[in-house]
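S.K.: Using the sequences and the hints, build the whole thing.
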Amino acid sequence: MGNNISEFIPIFLGVIGSGFVGLIVYVFTSQSNITSKRIDTRSKENEENSQAISSVKIALKGMEERIVTLEAGQAKNERLINEKFDRLEQKIDKLFEMLFHSKLNSKSIKEDG
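Residue numbers (the working numbering): 48 to 160.
A portion of the hints provided could be inaccurate.
Said to hold, decoys possible - Cut-off 27 Å, straight-line C-alpha distance, at most; resulting in silico cross-link-like pairs (BS3-like, lysine-lysine):
1) Lys91 to Lys104
2) Lys84 to Lys108
3) Lys108 to Lys131
4) Lys141 to Lys131
5) Lys150 to Lys138
6) Lys138 to Lys123
In short, the hints are calculated from the structure, not lab data.
Computed from a predicted structure; not experimentally measured.
M.R.: Below is the structure:
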């Protein structure tokens, strides 16, 4: 009987040892799975973020183009307004000239008459 118990001790230790090794392997593989899931999640987040950044860049480029167009339109409008004011000034100057000459003419007619 003593021999029988001593035969089971190595088997028992082997079972306990293999269970311990199995537990260690399980812990490492579960950690590896958790890490790979984190990496997958981060890579998905990075991809989503890069898509969002691309969308924002496209929107900003469109806004810049609109601003340039608006600035060009504003410059054109300012130029047109300045031209109209210049023409208006010229017309007013001509009217004053005509008025001044007509007053001079009327004075000279009164003085002559």
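S.K.: Now look at each hint and say whether the structure bears it out.
M.R.: Against the structure, the hints:
Note on Lys91 and Lys104: the hinted pairing holds, with a Cα-Cα distance of about 20 Å set against a maximum of 27 Å. Pair hint Lys84 plus Lys108 does not hold up; C-alpha atoms about 36 Å apart against a cutoff of 27 Å. Of the pairs offered as hints, the one joining Lys108 and Lys131 is violated, with about 35 Å between alpha carbons and a cut-off of 27 Å exceeded. A threshold of 27 Å between alpha carbons decides the hint, and for Lys141 with Lys131 the separation of about 15 Å falls inside it, so the pair holds.
Only pairs whose Cα atoms come within 27 Å are accepted, and Lys150 paired with Lys138 is accepted, the gap being roughly 18 Å. Only pairs whose Cα atoms come within 27 Å are accepted, and Lys138 paired with Lys123 is accepted, the gap being roughly 23 Å.
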